[in-house]
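Here the protein sequences come in this chain order: C and A.
Read in order, the letters of the first sequence correspond to residues 46 to 520 in the numbering used here.
Read in order, the letters of the second sequence correspond to residues 46 to 520 in the numbering used here.
Hints are not guaranteed to be accurate.
Because identical chains share one entry, a pair is satisfied inside a single copy or across any pair of copies.
Lysine-lysine pairs mimicking BS3-like chemistry, simulated, CA-CA at most 25 angstroms apart [unchecked claim]: (1) Lys73 with Lys136; (2) Lys137 with Lys73; (3) Lys117 with Lys253; (4) Lys230 with Lys63; (5) Lys490 with Lys501.
The set of hints was computed from the structure by calculation and includes no laboratory data.
2 protein chains.
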Amino acid sequence: KSYCWLPLQNLKDWVAVKSDSIQPAFRKEVTRMMELAADRLRALGASVMLVNQLHQLPDGWTLPVVLAELGKDPHKPTVCFYGHVDVQPAKKEDGWKTDPYTLTEIDGNLYGRGATDNKGPVLAWINAVETFRALKLDMPVNFKFIIEGMEEAGSLGLDKVVKEKQHFFSDVDYIVISDNLWLSKMKPALTYGTRGNACFFVEVECGKKDLHSGTFGGIIHEPMTDLVALLDSLVNMSGHILIPGIYDDVATLTEEEKKLYESIEFDLEEHKTNAGVKKFLYDTKEEILLHLWHYPCVSIHGIEGAFYEPGIKTVIPAKVIGKFSIRQVPHMALATVEKQVTQYLEEVFSKRNSPNKLKVSMPMGAMPWVADINSPMYVAARTAIITVFGEEPDMIRDGSTIPIANMFQNETRKSVMMLPIGAADDGEHSQNEKISRYNYIQGTKLFAAFFLEISKLHGQLQIASNTTSVPTEEP
Amino acid sequence: KSYCWLPLQNLKDWVAVKSDSIQPAFRKEVTRMMELAADRLRALGASVMLVNQLHQLPDGWTLPVVLAELGKDPHKPTVCFYGHVDVQPAKKEDGWKTDPYTLTEIDGNLYGRGATDNKGPVLAWINAVETFRALKLDMPVNFKFIIEGMEEAGSLGLDKVVKEKQHFFSDVDYIVISDNLWLSKMKPALTYGTRGNACFFVEVECGKKDLHSGTFGGIIHEPMTDLVALLDSLVNMSGHILIPGIYDDVATLTEEEKKLYESIEFDLEEHKTNAGVKKFLYDTKEEILLHLWHYPCVSIHGIEGAFYEPGIKTVIPAKVIGKFSIRQVPHMALATVEKQVTQYLEEVFSKRNSPNKLKVSMPMGAMPWVADINSPMYVAARTAIITVFGEEPDMIRDGSTIPIANMFQNETRKSVMMLPIGAADDGEHSQNEKISRYNYIQGTKLFAAFFLEISKLHGQLQIASNTTSVPTEEP
């Protein structure tokens with residue numbers, strides 16, 4: 046198979062694959078997407094390895110992780126790119142203007158599930174490499190790729206793959222991830238930290254079968270009533286989390302960090318427009334950024350097991366599972382958060398005197414992550430951004446969790462950078478997800494420029510390091 | 046088309062039709078079911094009329110109501126039977142042991158959606174009539190039928206049909222409904238009252254699109270947080286409704302009514318087993334019956350617009366609709382309940398200082414209903430029950446709403462009776478709905494015996510009424 050440099054067609058082809066890794070019904074599509082990604086890397090000239098049996102779900106389903114490499118020149122730095130080709134669920138009925146799996150261009154925006162999270166950025170990186178190949182230019186760096194298909198499902202087992210394939214990572218110098226967004230619609234950004242995410246299930250069960258609200262309403266302890274009280278006990282109307290001790294381990298806010306927030310260009314009104322809300326919980330830019338990056342928060346996502354369709358159903362659901370998550374920040378430990386949440390909810394529940402069964406669990410937990418913004422990779426990326434976009438990037442964190450940033454740093458001990466190319470209004474995980482044609486193409490250029498900058502900087506560092514590290518044994 | 050007396054096959058054929066009137070996708074099946082019911086009545090020799098255009102949904106979809114009559118002997122009483130052939134939603138994945146649309150007999154029980162609510166009882170009545178025909182016996186009464194296909198969707202427009210077809214009801218003496226259950230698994234019952242049902246939607250909206258909990262969690266007033274607080278404000282852990290004034294119009298509990306509860310045979314443990322719960326909110330039979338029949342209650346059914354699937358989705362839903370209902374009792378007026386609920390929720394919401402949009406509505410409301418247990422129809426049914434089952438029935442109310450009982454009484458001014466044939470553990474509206482083969486067949490016999498009893502009693506009443514009402518003008 047041969048591919049030509051047709052970035053839009055490539056993205057259209059990838060978006061068309063319903064690689065939803067959350068709903069089990071779509072698993073064949075995720076597998077097919079991984080095969081397409083592997084084919085694309087082979088066409089680039091990379092040697093591709095499918096690591097099977099490692100990336101495993103609790104029900105036994107396995108999906109390969111794609112590892113690939115292109116170039117082995119010992120004089121060049123090796124840059125490893127991580128990306129994922131699975132997507133969040135999407136249905137036209139959820140409120141999409143266009144079919145979520147048909148990439149559609151409207152007014153310069155490319156709409157489609159996965160357009161910005163994360164198929165677009167993965168393809169932009171591949172396109173950048175392809176450009177050097179197509180123009181028959183010398184590759185500035187050696188490339189490695191790690192592409193997965195279960196990021197939206199929590200990247201289960203990916204850490205095991207990275208641990209077991211240490212040899213693959215041994216000659217990697219830099220790891221780049223492009224799986225988040227700028228802070229504004231137009232100004233590029235470089236990301237040095239993310240929040241974590243501790244997901245919780247609260248299950249309340251009264252029996253094995255749903256009941257009729259006429260026949261049993263008024264005489265039983267309804268699981269929904271219990272659950273609603275439990276969920277209502279988590280956070281107050283000001284966004285303050287009510288779980289005792291939850292703020293104890295939050296990093297003290299230093300003057301230095303405060304200053305960092307002040308210098309960031311961040312349009313509150315624009316962000317409000319992106320959110321589509323009338324009012325935020327806080328009024329100033331600094332407070333908003335602090336509550337997105339520095340402080341934890343609770344979001345309630347929904348309830349499994351209750352009636353969710355349009356219309357009316359006079360049912361008392363027998364087993365309901367509330368789903369919420371806590372976005373933790375440095376230095377909150379997952380095990381501590383899990384214990385605090387479980388103890389608190391069990392205490393709230395025990396006060397209700399309900400005969401129902403309560404089960405609190407944390408099916409997924411991801412740590413927060415912070416990087417050193419003065420490391421070579423960040424310097425190179427900053428220069429590349431100035432070259433392509435003509436301005437300094439915002440140095441930002443991300444309120445979202447990208448647990449692999451943390452995982453890569455821990456498992457490989459290499460330096461990790463997050464280099465987003467999507468804009469603030471891309472709507473990842475939402476209806477009408479998009480990437481603009483501008484960001485997709487400029488993102489490709491940014492990656493190409495980054496290859497040249499990191500190659501240059503790495504060469505200088507090598508010389509400097511050789512100069513200083515060669516021992517002078519002469520007297 | 047000819048039908049033979051094959052009660053089980055008939056029920057199997059009807060259960061196989063997915064006449065779910067709640068989900069728009071199944072509308073063709075509801076229409077088909079109505080045609081099957083009309084065919085069945087024609088085969089009985091009845092003249093059938095399909096009343097179109099009246100039974101109308103807000104979106105313009107219309108479904109005929111079937112009116113039928115069999116016999117016009119002026120010396121016989123005319124009994125009108127009401128039933129519905131639409132069903133609640135059912136999916137195998139909801140926890141059914143068997144396919145919900147394939148009637149399956151296990152240990153004497155006939156499992157299938159609609160088996161007891163209400164296809165089984167409708168067919169039992171038709172079977173009873175068919176028996177007289179098949180045995181070439183004189184029909185004891187004239188029959189009328191009103192069969193609808195939108196009961197589970199709130200019988201929208203049925204009152205209009207009844208109002209506009211007054212001529213059809215003018216010669217009706219008695220109206221019988223068999224759309225509820227006995228109080229126990231084995232002892233028959235006669236029902237003289239039902240609770241009402243005021244269904245509410247509480248909608249909270251922050252904007253047009255769902256948001257990512259990483260990107261916006263911590264800085265916005267989340268609609269789910271608001272909704273959970275609103276739902277949590279409705280009822281406390283003891284089942285006491287917290288809406289101010291809601292108990293004001295509840296009928297005073299008389300000594301006479303109290304006595305009625307004491308004499309009823311009601312096995313608390315059995316009812317607990319049917320419910321599948323460990324413990325009720327109250328300990329005594331009287332308290333339980335009072336809270337099912339005499340006092341109102343709140344049930345929370347679910348939430349539309351939030352994440353409801355298995356797994357995790359890190360979403361902040363933009364528009365969520367909480368669904369709950371209040372089962373009202375005599376003498377609570379719907380308009381008053383609607384006002385109390387709306388005012389209270391608006392007050393709770395305003396205290397939260399949330400910029401989100403709140404909308405409280407009552408899309409469906411049904412009044413409670415109570416009948417005179419000493420009227421001829423109740424006496425005839427009691428005798429028929431003793432004949433077929435060998436014991437006195439429990440004189441009960443039903444916690445469920447059967448709004449047409451109330452509507453028929455109001456619109457036609459005829460006396461209305463509810464004569465259930467299903468057992469307490471039939472699981473209407475629930476997974477694994479069933480009717481036992483015993484109840485289905487004995488129910489058929491009960492209806493036949495009732496025809497004979499009401500014919501006899503009606504004849505006696507006519508003689509008595511002629512004797513007393515003929516004016517004696519002779520001096």
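Hints versus structure:
For the homomeric pair Lys73 and Lys136, the shortest alpha-carbon distances inside one copy (18 angstroms) and between copies (24 angstroms) are both at most 25 angstroms. Taking the shortest alpha-carbon separations for Lys137 and Lys73, both the intra-copy value of 20 angstroms and the inter-copy value of 23 angstroms come in at or below 25 angstroms. For a Cα distance limit of 25 angstroms, the shortest separation of Lys117 from Lys253 qualifies neither inside one copy, at 60 angstroms, nor across copies, at 50 angstroms. In this homomeric assembly, Lys230 and Lys63 never come within 25 angstroms of each other (Cα to Cα): the closest approach is 27 angstroms inside a single copy and 49 angstroms across copies.
Taking identical chains as interchangeable, the C-alpha atoms of Lys490 and Lys501 lie at most 25 angstroms apart only when both belong to the same chain, with a minimum of 17 angstroms there against 94 angstroms between chains.
Comparing the model with each earlier hint shows violations of hints 3 and 4; every other hint is respected.
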